[in-house]
Amino acid sequence: MLSGYMFKKRLVRSWQLYVLMALPFLYLILFKYVPIYGAQIAFKNFTVTKGIWGSDWVGLKHFDRFVHSYDFWRILRNTLILSFYNLAAGFPFPILLALGLNYLKSVRFRRIVQMVTYAPHFISIVVIVGIVKELLDPRTGILNKLLGFLGIAPINFMGEISYFSSLYVWSDVWQHAGFNCIIFLAALASIDPSLHEAAVMDGASKLRRMWHIDLPGIMPMAIIVLILNTGHILDVGFEKVLLMQNPINLKASEIIDTYVYKVGLTSQVANYSYSTAIGLFKSIINLILLLTVNKIAQKTKQGSLW
Amino acid sequence: MNITYRNESRTDKLFTLLNNTFMILMFLAVLYPIVYIVSASFSDSQAVVSGEVWLWPVRPSLDGYNAVFEYSQVWVGFRNSILYTVTGTLVNIVMTVLAAYPLSRKDFFGKNLFMVLFMFTTMFTGGLIPTYLLVRELGMLDTIWAMILPGALTVWNVIITRTYFQMSIPHELLEAAQLDGCDDFQFVWRVVVRLSGPILAVITLYYAAANWNQYFNAMLFLKNQAHYPLQLVLKDILVSNDVDVTMLSGDPQDAARREALKTLLKYSLIVISTVPLLIFYPFVQKYLVKGVMVGSLKG
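For the record, the sequence lines run as chains A and B.
Be aware that the first sequence starts at 20, since it is given in this note's numbering, and climbs by one per residue.
Be aware that the second sequence starts at 128, since it is given in this note's numbering, and climbs by one per residue.
Treat the hints with care, as some may be off.
[To be verified] Here are the simulated SDA-like cross-link-like pairs (lysine to any residue), alpha carbons at most 25 Å apart as the crow flies:
1. A:Lys27 to B:Phe241
2. A:Lys28 to B:Lys233
3. B:Lys417 to A:Lys28
4. A:Lys124 to B:Leu145
5. B:Lys238 to A:Val86
6. B:Lys350 to A:Phe50
7. B:Lys238 to A:Leu306
8. B:Lys140 to A:Leu234
9. A:Lys152 to B:Val165
[To be verified] One-sided excerpt, in silico: chain B residues whose CB lies under 10 Å from chain A:
10. Ile151
11. Leu230
12. Phe241
13. Leu244
14. Phe247
15. Leu261
16. Ile296
17. Ala336
18. Leu357
19. Lys362
20. Tyr394
If you're looking for bench data, these hints aren't it; they were derived computationally from the structure.
Note that beta-carbon positions come from the ideal geometry of N, C-alpha and C, so glycine has one too.
Just need the whole structure built from these sequences, with the hints factored in.
Below is the structure:
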């Protein structure tokens with residue numbers, strides 16, 4: 020335990036550091052913690068005139084209403100399908116890309132591939148969705164022209180319910196696989212080269228070295244990435260889904276976040292409390308998932324976040 | 128992998144062949160849509176619509192770009208986006224350095240508490256509605272502040288900056304500076320910032336790209352079209368297909384021609400809106416690996 024005197028002395032000694040920290044700390048409180056505090060309206064009937072603090076408590080009413088609502092299962096299913104599909108497709112590609120890049124002999128070719136595959140990561144979601152829409156347009160899009168050559172009638176990809184999740188997921192892989200592989204390239208670079216040398220001496224093929232040296236070498240990193248991705252699994256790119264939505268694919272594309280947005284902000288009678296409750300419901304599941312996966316990782320001794 | 132062989136075995140040769148093929152396929156899969164869009168944007172509108180463009184521009188023309196130049200809403204958006212990006216990124220960088228430096232100091236009393244407070248917000252947030260209500264309460268709706276302050280700092284960037292400071296600025300340097308009578312404020316400005324070029328370049332790219340690409344906050348907080356950033360204008364044109372045809376030149380009677388021009392306009396817009404990024408990207412690209420590597424270290 021620190022004595023009061025020591026405590027004070029240490030505080031005073033770092034006073035300049037506290038001054039530096041003041042603005043970021045203020046930001047954190049105002050824009051992060053005040054909304055968390057405000058999330059209590061999920062348990063209240065929020066009315067603007069009474070404010071957050073003055074509104075009446077209603078307990079779990081809004082959660083109850085959401086869970087029993089007509090839309091609940093459909094939205095939950097869409098959210099889960101899109102999330103797990105995205106995780107399943109988005110996780111292996113960066114690893115494959117990193118392993119492949121690692122075995123390229125030509126440094127220049129490697130650099131070019133890296134430069135090109137990183138780049139789409141920085142393109143805005145609006146533009147990505149715009150690109151997808153232009154390339155898939157039933158009349159003017161290049162993909163349908165190609166299908167036309169093969170004698171296939173044009174497909175309205177954006178209007179087909181069954182294509183929605185694939186379009187969403189694979190355009191995401193296209194955009195981010197290159198950038199996400201950087202972290203694995205870094206992990207590969209830190210593997211002791213003497214392991215490879217020894218393996219070569221023993222006559223191991225490249226495939227064997229990849230399997231027995233490279234893959235175990237990047238495993239801890241892969242686990243951490245997987246945990247982080249799982250923790251945000253329900254946060255599937257909300258903004259992108261919202262942009263890709265249209266009345267025809269709504270049945271497959273309505274997810275929790277877009278629903279929150281609509282119920283809370285764009286519907287005729289904005290229902291702040293109900294909408295917040297749905298958002299909170301999602302945040303809590305996310306948190307539980309994150310903690311669970313981390314626990315499993317700890318148990319299997321594969322490395323964890325904490 | 129710089130281990131050289133005198134003779135590669137047959138399986139290794141096969142492996143190399145397959146691997147090169149795989150890499151070339153990935154490379155082309157990413158590159159082709161980009162090349163196609165750029166080519167289409169420089170082509171004749173009829174050629175684009177009738178599907179004559181495959182790789183290189185067909186009957187090169189600048190019609191699409193002319194149409195973009197005449198579309199005034201795009202320029203309003205461009206100007207706003209530049210304003211939001213420059214101001215926003217400046218605020219971001221200052222805030223991030225201010226937070227990251229104390230957190231990088233082992234002797235900063237209360238460091239762990241601050242870390243927990245920062246990390247918690249990455250796992251749990253109040254959600255959309257409470258944030259919206261807050262911004263409304265603060266009277267920031269429809270002002271530039273709504274575009275800058277709610278995203279003034281990203282915890283992830285604070286963490287990678289802090290880790291970089293810890294690794295690259297030796298404690299002895301601080302001690303030496305303190306002996307020379309340098310206080311913390313001076314140390315941050317005169318030493319830390321000047322020794323952290325690579326990490327500052329990386330987080331500048333991250334923040335600038337995030338600010339430039341931001342559309343959601345704009346959609347939530349801005350109602351007045353005069354404040355719209357480029358992305359929101361793009362959303363109307365590219366996604367909602369909401370093009371004001373009266374702003375397109377060409378014979379009003381010729382509906383087909385206008386329709387084609389509309390498609391061309393979109394390709395050109397995609398290219399133009401991405402240009403600022405393409406200008407900065409090559410300068411920062413070499414630092415990217417470093418930034419991500421620092422970020423991946425636990426600490």
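**Prompt:** Which hint numbers doesn't this structure obey?
**Reply:** 3, 5 and 16
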